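Kindly generate the complete structure, drawing on both the sequences and the hints.
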Amino acid sequence: MTDAAPTFATPTLRLSVSQYERIVGHCYVGLPDEACGLIAGPVVAGAATGFVSDVYPAVNADASARTYTVDGRDYLRASRDAEARGHDIIGVWHSHTHTDPYPSPTDVRTAVDPMWVYILVSLRDDAPMLRAYRIRDGVIAECQVQVL
Amino acid sequence: MMAVEVRLPTLLRVHADGAASVAADGATVGEVFSALTAVYPGLSEQLIDAEGALHKFVNVYVNDDDIRYLGQLATPVTERDVVSILPAVAGG
Chain A
1 MTDAAPTFAT PTLRLSVSQY ERIVGHCYVG LPDEACGLIA GPVVAGAATG FVSDVYPAVN
61 ADASARTYTV DGRDYLRASR DAEARGHDII GVWHSHTHTD PYPSPTDVRT AVDPMWVYIL
121 VSLRDDAPML RAYRIRDGVI AECQVQVL
Chain B
149 MMAVEVRLPT LLRVHADGAA SVAADGATVG EVFSALTAVY PGLSEQLIDA EGALHKFVNV
209 YVNDDDIRYL GQLATPVTER DVVSILPAVA GG
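Chains A and B supply the protein sequences, listed in that same order. Under the numbering used here, the residue at position 128 of the first sequence is numbered 128, and the numbers go up by one with no gaps. Under the numbering used here, the residue at position 88 of the second sequence is numbered 236, and the numbers go up by one with no gaps.
Everything labelled a hint here was simulated from the structure, so no lab data went into it. Given the structure is predicted, the values throughout are model-derived calculations rather than measurements. Among the hints, erroneous ones may be present.
To give a feel for the contact side, a few chain B residues facing chain A, derived at Cβ under 8 Å [said to hold, decoys possible]:
id : residue
1  : Asn207
2  : Ser232
3  : Gly240
Chain B stretches covered by chain A per the calculated footprint, using a threshold of three residues with CB under 8 Å from any CB of chain A [said to hold, decoys possible]:
id : region
4  : 157-170
5  : 209-223
For glycine and all other residues, C-beta sits at the position ideal for the given N, C-alpha and C.
Following this line, the structure appears as structure tokens:
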């Protein structure tokens, strides 16, 4: 199996350049703390399609470089806005300021929704690294990301 | 009794026949939740902990206000209010 192509979880996450820039920009603005936000998109038959209609930067209520909690009112506002557009919140992003763009044990333990996409942005190196994952029953599966 | 609209996040809709919004009778959030979980028993352990309090991983709003800063499950509601349930979103 060493030659097998990597398999990715579905859906492929499709971000516009401006959405990508808003997510990564918000992560830099949040330094030295972790930053977080929510993404919205259509849900068809109980599953996200991977299309992202909107991104919603949120306050990290923890104001911490090690943990994040999406501010509840920011989530409420984002959820209402998404639903008014016929969409739903389909995932969350947060930054890792000094570590890999990979879910931490805390991220896995606290993963909210098996349908969601979990975006990690690492600011460890000079260039930001954005990756996306599904987390289901404690199992991490990477999703492909297209920025178009 | 007054029917109050309750908005459900995607996570909980599987327990409510896929509905994004349901209506339940009650004069307080707790009464509304009791009516709701009578119809959708799967929601019960998602909302209420073993001690009968609001589950710590769930945030509940009456309109714009978090019920933890109001009267918890005893927060009064009327048919003009919208109750929104959202999971706490956190990590490290």
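Hint check results:
For the restraint placing Asn207/B at the interface with chain A, the shortest Cβ-Cβ distance is roughly 5 Å, inside the 8 Å limit, so the hint holds. Because the beta carbon of Ser232/B sits about 6 Å from the nearest beta carbon in chain A, less than 8 Å, this interface hint is met. Using the Cβ-Cβ criterion of 8 Å, the hint placing Gly240/B at the interface with chain A is satisfied: the shortest such distance is roughly 3 Å. Only when three residues or more bring their CB closer than 8 Å to a CB of chain A does the claim for the region 157-170 of chain B stand; here the count is 7, and the claim holds.
Only residues whose beta carbon comes within less than 8 Å of a beta carbon in chain A count, and the region 209-223 of chain B has 3; three or more means the coverage holds.
Consistency with the previously given hints is maintained throughout, with no hint failing.
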